[in-house]
Structure formats: structure tokens, C-alpha cells
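Given next are the chains, with one letter for each unit.
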Amino acid sequence: MATGILKNVEVKGIACAVPDRIVNNEKYNEVFGKENVKKFINITGVQTRHVAINEQCTSDLCYAASIRLMEKLNWEPSSIDALILITQTPDYAVPATACVLQHRLGLSEDCIAFDVNLGCSAYVYGIWLAATMISTENLKRVLLLVGDTSNYGINQNDSATAMIFGDGGSATALESSEGKDIKYILKTKGSGFKNIIVPAGHARSRGKTNADLSEYELAMDGSAIFAFTITDIPRTIKSFISQYDIDMNDIDMYVFHQANLFILKHLAKKLNVPMEKIPVSIDRYGNTSGESIPLTLVDALGNEESAKPIKLLLSGFGIGLSWGCIYLEMDKSVCLPMIYTNDYYTGG
Amino acid sequence: MNITEKLNILKDLLDIDQDILGEETKLDQLDEWDSIASITTIAMFDSHFGKEVTPEEVRGFKTIKDITDRMD
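Respectively, the protein sequence lines represent chains A and B. Mapping to the working numbering: the first sequence position 267 is 267, numbers consecutive. Take the position in the second sequence, starting the count at 1, then add 1000; the result is the number in the working numbering.
Pulled out of the complex, with its shape left as it was, chain A reads as follows (with noise of 0.2 Å):
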């Protein structure tokens, strides 16, 4: 089983930037009906978005992002070693966005650069992968990019993926730290390639000429998901806290991936967790794939000053299907308030 203790490790600081762009899901009325809109608000929890302009990658989300977040550490780029990009949506088929963002930021020729294609699990594995590397590897410093513009490639007319998604980048630093500790499950289920996915537009369909357009959008079978979403997670969840003893009522945050409120509440219900624990960030930022989990965490605690630690339980669930648990504990200041931009880059 693919679970273990990552030691000697921590997180620092996590960013977040979305775009200055909101877009209300009440916009659609005219194109689904005004009480289908409704009945989808109600059951998504998804009233507002942030949607990237048409210029804005998510690199250039997860750039704003790393530059406060260095700045507020006051990381030096030279002492950066690996930055991790994880993401579904780079700036180009080839080459990994990793290698373009560690031009931008200044990092050292020194410096580990590759991207993740993952989505909704992103951070779990990005914290696992990121920490593997300080708590094996040596490492001493390392940059965790997670980000999505979900919102490109999207049929305006698909109600189940036209007001669901929200576009965001963020940023995570981990370091070496001595006695501090980072617990991790991961899981994979790949019969379930099909539930989320864009047919076309890569190797697979080389040799079709005429692929139909739908086939470069984003095809989501909703109900295999949320099957998938309320057996699987809870039992992966139950596992992972018996297998380490720890006491549900002792964690102060449980972070799950944002796939929609319906979703959290079950969630919720099935872990008998009060929803009090579980912030809800999907109302005024859309499911933004797997930026979700931080960007719920800067909405809950980017203001905090307090130095006080708290446990966390994270738990990013769906395309893949992939999904995986973090428990860790960190100071609640290190989340740092949200950063709002409509910047790009213009040298790509």
C-alpha cells in the first residue's frame, strides 16, 4: 500500500492567486433556463467564478503566486532546489511549463524543474512528491506549483462542466525541518480513465482525421464520479486514520477537494465530521480542480496572524481516477491572503 511517514519536513507558506475576472453562474439562465441554473447552484453550491482572461496560463497564476510567497519567506531564488508543476492545462504541448516557470522566477541552473499531469488529487501528490524529495532526497528547499485554468476547452453549452470550473494557481514552499512530519496515502484507479476526459488532442487520436470537435472538450460522467467519490474516499479516509492512530476529534480541518457541495456534505455525513470543519470555498471560486485544497486553505486562513498549529487533514479525490490523503500539522499563519491578477506573460 502506498502510504508511509515523510520526516524531518514542513510546510512554510502557501499562495494562491485567481484571476480578477468573476463570472456568475446566473449568467446562464438564458442558455440552460433560469430554473435549471438554479437547481445546479443549489446542488454545486457554485454561485461565482474566477475565469483566467483569454491570455492568462496558469503559469502566470502560479507565478503571481511564487513571487509573494519568496517574498514573504524570504526565499532567495538560489536557494530554491526543485520546483514541482502540477498541472492538466501547461502553457504548451511540449516543453514542461516547469522549465519556463524556473526562467521566470530566477532559480538556479541548480534547480530540479518537471511538470505532474494530474488534476483533482494535484496537491495531495504534490505535497507527497515535494516532501519525498527534502525527507530522501536531501533536498533543502522546494517549490510546489498546483494550478488549473479548467475554463479553456469547456462547451459553453454542457451545463455539467459550463459553470463548474474556476481557474487558479498556487504556490506551496516545503523545507527541511527537523521533527516535523508529513503523513501520506495515495491510490489510483485507472478503469475509471474515461469518467474525465478530453478524447482527442494528443497521441491517442494521431491517426483521426476527422475527430469531432466535442471530442477536444472536457467529458464528465457525473454520476460514475460521485459513486466512485462516496465509496472510495471514505473508506480510504477510515484506513488512513485507524492505520495511524489518529483521533478524528483532534483534527481542526478537514480540506477536501472542492468537486461540489453536494459532494462535501455526503462526505461530511459518511465521516460524521460537523461541516463546521470542513471549509467550503466552492460557492465564490468554482471547483478549481486541484488548486482547490489550497485555495480553500488561503480562503480560511489567509488573514490569520496567529502562529498557532493546527492538524489538517487533506483529501483530493477524482479525474484519473487518482486520489490520496495528507495529514500534517502547520502554523495557521502560513497562508497568505489571496492574490487577485489579470497579469500574463508576454515573452511565450
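Fair warning: there could be bad hints in the mix.
As the list claims (entries may be wrong) - Simulated DEER-style distance windows between Cβ atoms:
| hint | chain 1 | residue 1 | chain 2 | residue 2 | range |
| --- | --- | --- | --- | --- | --- |
| 1 | A | Val31 | B | Arg1059 | 34 to 40 Å |
| 2 | B | Thr1004 | A | Pro274 | 29 to 35 Å |
| 3 | B | His1048 | A | Lys189 | 24 to 30 Å |
| 4 | A | Ala219 | B | Lys1026 | 42 to 48 Å |
As the list claims (entries may be wrong) - Straight-line distance between alpha carbons at most 30 Å, and here's what the computed DSS-like set of lysine-lysine pairs gives:
| hint | chain 1 | residue 1 | chain 2 | residue 2 |
| --- | --- | --- | --- | --- |
| 5 | B | Lys1065 | A | Lys269 |
| 6 | A | Lys277 | A | Lys332 |
| 7 | B | Lys1006 | A | Lys187 |
| 8 | A | Lys38 | B | Lys1026 |
| 9 | B | Lys1051 | A | Lys270 |
| 10 | A | Lys208 | A | Lys277 |
| 11 | B | Lys1006 | A | Lys265 |
What the hints contain is simulated information worked out from the structure, not anything from laboratory work. The structure presented is a predicted model; accordingly, all values stated were derived computationally and were not measured. Every residue, glycine too, gets a C-beta built ideally from N, C-alpha and C.
Position chain B relative to chain A; hints supplied.
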């Protein structure tokens, strides 16, 4: 659980008037039976009956009776 209790659960689930809901009601004739209803149906089986109903099973439901039978 008797049939009235089962129909009451479905009435709440679909937000529908019970008078028009009978065991023989065909689901494709109900406006309320949409993609969101298939998700809330899976949730209802999970929370009320502790049953893991698959999306394929839900797609196979043709009448209200197909759903109430699965509640047993």
C-alpha cells in the same frame, strides 16, 4: 419498509408531488428524472439503505418500481 414510505423518499428526492408518483410511473416521462437525479439517487441508496448502487444500475432503471424494488 412499505411502499408508501418508499414513495415518500422518492417524492422528497425528486421534489415531486406524490399523487402523480406510482410504481408504474415511467422515469423517462418525469422532467425531474435528469442527470442530477441520478446522482441524488445514488446518494439516497447510500445514506438511507447503505447500498452501493452503480451508475449503470441507475441508467437501467425504467420505472419507479425498479427503484423501489432495489430498496429491499
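Regarding the pair Lys1006 (chain B) and Lys187 (chain A), is the alpha-carbon distance no greater than 30 Å? Answer violated: Lys1006 (chain B) to Lys187 (chain A) is near 37 Å, above 30 Å.
Run the distance test for Lys208 (chain A) versus Lys277 (chain A): straight-line Cα separation, threshold 30 Å. 49 Å, violated
Take the C-alpha atoms of Lys1006 (chain B) and Lys265 (chain A), compute the straight-line distance between them, and say whether it is at most 30 Å. 23 Å, holds
Does Lys269 (chain A) sit within 30 Å of Lys1065 (chain B), going by the straight-line distance between their CA atoms? Status holds; Cα separation ~28 Å.
Pairwise hint evaluation, Lys1026 (chain B) against Lys38 (chain A), where the allowed Cα distance is 30 Å at most: The hint holds at about 25 Å.
Is 24 to 30 Å a correct range for the gap between the Cβ atoms of His1048 (chain B) and Lys189 (chain A)? With Cβ atoms ~26 Å apart, the hint holds.
Quick one, are Lys1051 (chain B) and Lys270 (chain A) close enough, alpha carbons at most 30 Å? Since the Cα atoms of Lys1051 (chain B) and Lys270 (chain A) sit roughly 13 Å apart, the hinted pair holds (cutoff 30 Å).
Given a hint of 34 to 40 Å, does the C-beta separation of Val31 (chain A) and Arg1059 (chain B) actually sit inside it? 26 Å, violated
Look at the Cβ atoms of Thr1004 (chain B) and Pro274 (chain A) and judge whether their distance stays inside 29 to 35 Å. Holds, since Thr1004 (chain B) and Pro274 (chain A) (Cβ atoms, about 33 Å apart) stay within the stated range.
If I claimed the Cβ atoms of Ala219 (chain A) and Lys1026 (chain B) lie 42 to 48 Å apart, would that claim hold in this structure? With Cβ atoms ~28 Å apart, the hint is violated.
Given the hint that Lys277 (chain A) pairs with Lys332 (chain A), does the C-alpha gap stay at or below 30 Å? Judged against 30 Å, a Cα distance of about 14 Å means the pair holds.
Of the numbered hints given earlier, the model fails hints 1, 4, 7 and 10; all others are met.
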